[in-house]
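Q: Read off the chains here:
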Amino acid sequence: MARAGSTGRGRLLVIAIPYLWLLALFLVPFLIVVKISLSQDALAQPPYTPVFDLAQGWAGFKDFVSQLSLDNYGYVLGWDNGFVEAYGSSLVIASISTALLLLVGYPIAYAMARAPKGVQPALLMLVILPFWTSFLIRVYAWIGILSPEGFLNQGLMTLGLIDQPLELLNTDLAVYIGIVYSYLPFMVLPLYSALEKLDGTLLEAAQDLGCPPFKAFWSITFPLSLPGVAAGALLCFIPAVGEFVIPDLLGGSDTQMIGKSLWTEFTANRSWTASSAVAVLLLVVLVVPIVIYQNIQARQLEAGK
Amino acid sequence: MAADQGRTQTIGAVRRTFAPWDNPAATPLIRFENVVKTFGAFTAVNRVSLDIYEREFFALLGPSGCGKTTLMRMLAGFEAPTEGRITLNGEDISGVPPYRRPVNMMFQSYALFPHMTVADNIAFGLKQDGMAKADIKARVEEMLALVKLESFAKRKPHQLSGGQRQRVALARSVAKRPKVLLLDEPLGALDKKLREETQFELMDLQMSLGMTFLIVTHDQEEAMTVADRIGVMNHGELVQVAPPAVIYEQPATRYIADFIGDVNLLETKVVAAGPDEVELACEKTPAPLRVAQGLGVPAGDTVFLAIRPEKMRVELKEAEAGPLPENAFEGVIWDIGYLGDLSVYHVELACGTRIKVSKPNVSRLVERPITWEDKVRVTFAPDAGVVLTR
Chain A
1 MARAGSTGRG RLLVIAIPYL WLLALFLVPF LIVVKISLSQ DALAQPPYTP VFDLAQGWAG
61 FKDFVSQLSL DNYGYVLGWD NGFVEAYGSS LVIASISTAL LLLVGYPIAY AMARAPKGVQ
121 PALLMLVILP FWTSFLIRVY AWIGILSPEG FLNQGLMTLG LIDQPLELLN TDLAVYIGIV
181 YSYLPFMVLP LYSALEKLDG TLLEAAQDLG CPPFKAFWSI TFPLSLPGVA AGALLCFIPA
241 VGEFVIPDLL GGSDTQMIGK SLWTEFTANR SWTASSAVAV LLLVVLVVPI VIYQNIQARQ
301 LEAGK
Chain B
1 MAADQGRTQT IGAVRRTFAP WDNPAATPLI RFENVVKTFG AFTAVNRVSL DIYEREFFAL
61 LGPSGCGKTT LMRMLAGFEA PTEGRITLNG EDISGVPPYR RPVNMMFQSY ALFPHMTVAD
121 NIAFGLKQDG MAKADIKARV EEMLALVKLE SFAKRKPHQL SGGQRQRVAL ARSVAKRPKV
181 LLLDEPLGAL DKKLREETQF ELMDLQMSLG MTFLIVTHDQ EEAMTVADRI GVMNHGELVQ
241 VAPPAVIYEQ PATRYIADFI GDVNLLETKV VAAGPDEVEL ACEKTPAPLR VAQGLGVPAG
301 DTVFLAIRPE KMRVELKEAE AGPLPENAFE GVIWDIGYLG DLSVYHVELA CGTRIKVSKP
361 NVSRLVERPI TWEDKVRVTF APDAGVVLTR
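Chains as they are written, first to last, in the working numbering: chain A, 1 to 305; chain B, 1 to 390.
I should point out that these hints are in silico values taken from the structure, not numbers from a laboratory.
One side of the interface only, derived from the structure: several residues of chain A facing chain B at Cβ under 7 angstroms:
(1) 201
(2) 202
(3) 205
(4) 207
(5) 208
(6) 210
(7) 212
(8) 223
(9) 224
Chain B stretches covered by chain A per the calculated footprint, using a threshold of three residues with CB under 8 angstroms from any CB of chain A:
(10) 89-99
(11) 104-110
(12) 119-129
Even glycine gets a Cβ: it sits at the ideal position worked out from N, Cα and C.
Using the sequences and the hints, build the whole thing.
A: As structure tokens, then:
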């Protein structure tokens, strides 16, 4: 029937748009990056070879494929070149940051979910409000707070708690502070949405069955908020691994993070090919937690809640 | 105990004679003393005093917002009384937190833990008591057998039907063998047939476990079926506490008469009040009304005559009918509700008032059924109505 046909086409169109979007703006650029990562640096425009040229036909294509190599991956994965260490330290920093975010974010989200219903939108607004200021400016502000002559050191010295400024800026600690501060909303919001959905009568039932409130938190509230914990943790962990601005501005010279290595490789060493290989490997590293996240989501959908 | 006798007979024998509220020597298990609960300016429970006895099945009945759930939640420990006190076994339980009270509750929403299996849900309360693993396992199996869900132990709540969830909630709340089980609208989410079956199961369960049950419901049939005594609440006050038959046949006020079942309420004036009979005059009929009830009210006072539809007779007015006898009304059939087992006739009196009379359909075929616009006479016996002053 004509109507059924048009509905079918309409549905196809609706589904096609996001796929086309992903194809054009994610998959194609990613394939270009993969291709560059398999190329060699060259003093040319573009600064790598081979360049794919349709005009040379089949023979040209075969020649093109034969020039691709995994050399850049060998370089990036080479133990002495610092990239492996940077991947490792990125994962460690991101993991510790995520744990800290969870420690800081959970009580905030819990308090928000427990606040009177009328106050909750205002609290939600307060969590989102920092986004209205540029991310860069907010990270710069931390330099002003953490530097030897910054607000924090001055305050502590005025109070007589310390005699000389603490070395805070350009340390891993500053990076943790920066990440926790910047990413907090990404942790709080999914946790809040999980905790807010929690049925209060479940806690009453637990108490009624002889479970004191603190214990009820660990046997009822926390397990039921785990989907929110997983969502928040991955929303923070994934971008934190590739974080560049915060370690660059707040971290020290010995703070190794893959985002910083990539930046150096691209700007200082001007190697498009090696930095592409770094980017592709970063994606491979992050695919694991993303797949875990999607698994959790799928299981939740299955549970029908 | 007469264990050899059939179980039903034993239960029947217990039910026949169970009336501790009539025994002045009996000490109540639960005692509400002048309990008041206010939320801001709103008084949810107003000066309620109530005794509930061991092994009693007590129902709190009332419309939504009447304070029955608040009263129950105070016993569970989720709300603290603003005034008055609540004692359990003679001890004031005001300061005792819910997790230390020997009282368990079955929640209206069931409140099953969604991340735990059926068995873990039932075991939850037992684990809190630090019961040995083997004992927990045995008790959980016993509870599952009790509610006939043995094969569902490993399921999660979302994999069960509504009726099955209700059973799990029941099993979980009785697993700890509490002194008192509180049931908050326990059957509200079930369909009618299942609800009726479950009502009788609840009664058997209460008998076999020997527990005291306090049920909160807005369904009067449910309350009347299951309960030994019913406490009717309205606007935070307990208006009458009595066994179901007393509530129905001797309601204390017009509100209760109207709330429980169907009733015709007629405004009347006392003509003469004797020690065991009262004569009333009603504007709706020229006939005098006689009710077999002693009443300490002077002649001329306005009182209300309450008569249930099933306690009146309706018959066609014959052409050569004599003058209107005592306790009779005349009118025409305005509407008929045919319910199968009985028919409800709405009779419009000459003054425009409509009264309801029901009649069991004892025979399948009636030669001349009463139908719309028929002229009828409605009569009732002197002991059919009850005179209410409030």
